[in-house]
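Just so you know, the protein sequences line up as chains A and B, in that order. Note that the working numbering has the first sequence beginning at 1, numbered continuously upward. Note that the working numbering has the second sequence beginning at 343, numbered continuously upward.
Honestly, the hints are just simulated from the structure, not real lab data. There's no promise every hint is true.
For each label pair, taking beta carbons as the anchor points, the in silico distance ranges come out as [unchecked claim]: (1) B:Trp-499 - A:Asn-223: 42 to 52 Å; (2) B:Ser-403 - A:Ala-314: 53 to 63 Å; (3) B:Thr-461 - A:Leu-110: 38 to 48 Å; (4) A:Leu-104 - B:Trp-496: 24 to 34 Å; (5) A:Asn-223 - B:Met-531: 23 to 33 Å; (6) B:Ile-500 - A:Thr-211: 49 to 59 Å; (7) B:Asp-464 - A:Ile-48: 49 to 59 Å; (8) B:Val-562 - A:Gly-213: 22 to 32 Å; (9) B:Arg-430 - A:Ser-233: 23 to 33 Å; (10) A:Ala-52 - B:Gly-466: 57 to 67 Å; (11) A:Gly-228 - B:Leu-516: 51 to 61 Å; (12) B:Ile-484 - A:Val-26: 32 to 42 Å.
Virtual Cβ for every residue (Gly too), placed ideally from N, Cα, C.
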Amino acid sequence: MSGSARSSFRLPRIPAVPLAVLVGVVLGALLVLVSGGDPVAAYREILIGALAPANWPNTLNWAVPLVGMTLVAAIPLRGGMVNLGGDGQLVVGGLVAALVPLYLPGPGPLLTIVAIIAAMIAAGLYASIAAWGETRFGIPMLISSLLLSYPAIGVASYIVGFPLRDTTTGLAQTVMIPDAARLPTISGPLNVGLILMMIVAIAVVFYDRRTVGGYELRMRGLNAKFAGYGGVSLGPQTVRIMFASGAIAGLVGAIIVLGSQYRFQDGALLSPGYTWSGLMAALLAGGEPLGATGAGLFFAALQTGGFAMQRETAIPRVLTMVLQAIIILFLAIRHGVGRRAS
Amino acid sequence: MMGGFITPFLINSAVQAITPILLAALAGTLCGRVGVFNMAMEGQLLVGAFAAVVGSFYTGSALGGVIVAIVATVGFSLILAYGATVFRGDSVVICIGMNLLASGLTAYLLRQMFGVSGTFSDPGIVGLEKIRIAAINTIPWIGWIFSRQTAITWLAWILTAIVTIVMFRTPLGLRLRGVGEDASAAETMGIDVTRYRVVTVLVAGALTGLGGAQLSLGTVSIFSEDMSAGRGWIAVVAVMLGRNHPLWAALACVLFGLADAFSVRLQGQGLPNQLTDVVPYVVTLIALVISHRRRRSRVSETITAHA
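This is chain A alone, in the form it adopts within the complex (with noise of 0.2 Å):
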């Protein structure tokens, strides 16, 4: 197909991101049909499970990870790099937490500080490692980032598997966090993480629309060679924005340990996906801090709509997954998303 053809193939402006989500809603409903179930019912069932007012605090309960995990791949997509080793910084902020208030002294509100700000420090210092490598030797990100997650989690496994392994189960676990240096919980299953999300999400969109780094953050995205011309240094840069991207990944890791787990569990962080949905969630507003905060908060009440539905109609709730697969690469193929400036 030749270049004119494809301009003229070009659909009448309807918004993007509805478009994408039809689409995916269309062909989900087509797999659920073939596979037997009553799409119908599966829709149903997650819009009352994301939605009923009884259901808002488990779907904000599950926003808090997801949209954290979300600014984490949101913040150096805006300056049009990927980091895909979100695993590997939620585990090694997770672990970080739970040994600090396990292992040092001290009162329990100031050790849940130390560990939530210990934990943004290791994750965020894990992250930059992969930076170093670009800058340093030139080793694509994109692909360090990932191999460096396998490190950390094996490492963190057997951590909690051997040496600081809570004896008395029968799981690759560490022994409770003290009541104490717990997060404080608001109502029903929300805690303090809730506020600490929100704060985060505020200041990444004020860095990203009022502030000289938010801007050249942004200039980067549009045309990195630019944007060295105009005086940014694009070696820290990378290293700062990695930096702040862990960062968020350890924090994210520090509430799921110090406010609902109350332990390092190994495994448990990774299972429910929060690293590569926030990724997808990111891509779906291309990087824009607000836009991926919204698209993070509608997928997790995808997800949490999808607990809803499996329960109600036995349709698996994986289903969710594969409708955010299909709603990016639908949005990636037809819009360009993330397309970057060569």
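Once you have looked at the hints, place chain B on chain A.
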């Protein structure tokens, strides 16, 4: 020192372990040569592995499984083949989407078709037969490497040779490389760039489908969720290390296979598997550092081209 570690069984299992990665890496070099950055091999292997089990289960033959795997993976690769060319989408985003789609879709279908989550094993899944050649079984090294391997393992190495020859010794290969190196120049020469890219990505899909079949029918005859377990990503690194050259990429795969075998060996020495599982990835990272240290000056351009 290494001598004590290397045993016939270890070599044999390393060769088995290399096969899916090698096929995926070949696919990656093909795509890279025509200028389509493919990092969807993780998802392609998974689709291939699942389709192979489905095909083998319903047709009752391993060959049926392999054919279904190839067809399904080629179909799945249509997304990248058309998305990155005709629709000019960003290949990185498309590949991320494809990997997640593969993971979600295979998990969904696993539950809906077989009613299980996690791992599906059934006596009805016919595994690939191991080829035994009595004459070479007793020869040291040769026998260790070649005995009791599946046809796909043999095929993978034959395909490595074929891809290398086609790419560097035939007019077709010249055109393929031309498409990747300078698409507009190739266009001027009368080459239909888009068609070359689409067909190459689909052929690469067939190769990864074979790799997926080896993964699920080669040694174990089961499918488990996300069983590609990073092999597709290792293949992406192999392509990078080999700079899109099939032979160098194959060498990188061998390095990975040895690291993998070594980690199995360490586990045998009593080290916990959480630590030994990490060895191949650490070796891969070290290989990346070493290879980039040497060509630091040249690399900055390729980064901007990729990212």
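| Violations among the numbered hints, reported as their numbers in ascending order | 2, 4, 7, 8, 10, 11, 12
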